[in-house]
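Enquirer: Chain residues, written in single-letter form:
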Amino acid sequence: MTVLDQEMIANVLRPIEAAKGLPNAFYTDPDVHEAEKRVLFAATWACMGFAKDVPNRGDANPVTFLGQPLLVVRGEDDEVRVFQNVCRHRGMILVSEKTTLRSTIRCPYHSWCYNFNGSLRTTPHVGGPGKNLHECVNREELGLIEVRSHIFMDTIFINLDGQAPAFEKHAAKLLEQWKEFADKPLYHGGASSSFTLEVNCNWKLAVENYCESYHLPWIHPGLNSYSRLEDHYHIMQPGNYSGQGTVVYNPKLDETGRAFANFDDLSAKWDTGAEYISFYPNVLFGVHRDHFYAIMLDPQGNGKTIERVEIYYTSPEMCGGDMADLREKNAGMWEDIFIEDIFVVEGMQRGRSASLYDGGKFSPVMDPPTHLFHEWVAARFAGK
Amino acid sequence: MTAEQRLQQDMLQAHEHEDLEALPGLYLQAAQLRESQRDIDAACFFYTHAYVYALDCGDREIAGEARSRLKGYGRDK
Chain A
1 MTVLDQEMIA NVLRPIEAAK GLPNAFYTDP DVHEAEKRVL FAATWACMGF
51 AKDVPNRGDA NPVTFLGQPL LVVRGEDDEV RVFQNVCRHR GMILVSEKTT
101 LRSTIRCPYH SWCYNFNGSL RTTPHVGGPG KNLHECVNRE ELGLIEVRSH
151 IFMDTIFINL DGQAPAFEKH AAKLLEQWKE FADKPLYHGG ASSSFTLEVN
201 CNWKLAVENY CESYHLPWIH PGLNSYSRLE DHYHIMQPGN YSGQGTVVYN
251 PKLDETGRAF ANFDDLSAKW DTGAEYISFY PNVLFGVHRD HFYAIMLDPQ
301 GNGKTIERVE IYYTSPEMCG GDMADLREKN AGMWEDIFIE DIFVVEGMQR
351 GRSASLYDGG KFSPVMDPPT HLFHEWVAAR FAGK
Chain B
1 MTAEQRLQQD MLQAHEHEDL EALPGLYLQA AQLRESQRDI DAACFFYTHA
51 YVYALDCGDR EIAGEARSRL KGYGRDK
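Chains A and B supply the protein sequences, listed in that same order.
Just so you know, the working numbering puts 57 at position 57 of the first sequence, and the rest follows in order with no gaps.
Just so you know, the working numbering puts 4 at position 4 of the second sequence, and the rest follows in order with no gaps.
Hints were generated in silico from the structure; no laboratory data involved.
In this text, a Cβ means the ideal position worked out from N, Cα and C, and glycines have one as well.
Keep in mind that a hint or two might mislead.
[Unchecked claim] Taking lysine-lysine pairs in the DSS-like style, the calculated list, with each CA pair at most 27 Å apart, reads:
no. : chain 1 : residue 1 : chain 2 : residue 2
1   : A       : K361      : B       : K77
2   : B       : K71       : A       : K131
3   : A       : K384      : A       : K184
[Unchecked claim] According to the in silico footprint, chain A covers these stretches of chain B (three or more CB under 8 Å from chain A):
no. : region
4   : 30-44
5   : 47-58
Using the sequences and the hints, build the whole thing.
Expert: Right, dumping it as structure tokens:
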């Protein structure tokens, strides 16, 4: 097990003027990555998927997240639950492919059957042939292992160790910041509003790149014409999230003036405002008056991350055939922007193999959101 | 071929062709046949399979019938 250099971690926690970034081991060392699963993911609320993937009762979606086999199920009561995807009998994987279950989750090995709420329904032949009961097999104690979960803006968060504060408390600042959006219904834009990028970088570099606007004029020069660097502001919530906002959001997807409808009852701030937040550890959000997106970062070891992008609109009409071309344009625009970022995060990943690199120097003016994220990582590893 | 042999063959074919919708009814028939022969252990074996396959394919009627018989014999709850 790698012993992290505590002095280097302490350097990250210094005020930004004197701080250094996270040391290379946080991007390259498999032991650190394993520790992150516990310290940064299991102990907090991490994004593991989207409720739109289980739209109907009985829909079951198996997901492997950080090596853990999980199962998302929409129950008869319309509640979405997350379980460990294993039978309580022999630990067999219960569901291997996305499916719609009729009325039970049946283990394919010995056919133990569970209700959609996880309770154990029957245990065939457990007491011998044709005897489905045994005094030592207490069904009440053998329901599926449910993982604590919460859905926020269609994004499924889980707290694997079960010890984090309630999600509402954990995300209280974000819920306040985006209170105008948080309780609005969202409508996924369909197949063209869903795409995935495989990036050869550590997941943290994707977080870091997303939460600062410093790089925009250089990496996304197309934005300079209407969204200049000075039109952006930092968003900073210590220990929770950081990002950037713009005051000149003004989408022009169609020459004829067609546009997506806005969310109802937004304040004037959102007429030209949009905000982009890295919500720690692994989800990147973007809100605009006319659409919302979430990017789940799915770490695949140290040097590879799957970025899963889902885009939502304000009403079923915005998701209909009449608006299909506009949705495609919007998704294409975002995909182009996110692709422009790939060489940067992959370059930084390769850079983390430079043995003398010391974590880097922050700009006290432009890098506070990035430093805030590093500070969160370092503080959790320092036990603070 | 006896009725029992034909039933056995139908069950094997349903498994072979993954005809999941057919399984609950076939196992229910097998259970009832054994029940009529007073072979309760064998009947409950088949009722169990009828129950599980009925749950699997959402056949509430057969699931309810099989479960009820199993409960009656103290084999499930």
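Enquirer: Now tell me, hint by hint, if it's right for this structure.
Expert: Comparing the hints with the structure gives:
no. : hint               : result
1   : K361/A with K77/B  : violated, 66 Å
2   : K71/B with K131/A  : holds, 10 Å
3   : K384/A with K184/A : violated, 35 Å
4   : 30-44              : holds (count 5)
5   : 47-58              : holds (count 9)
Of the numbered hints given earlier, the model fails hints 1, 3; all others are met.
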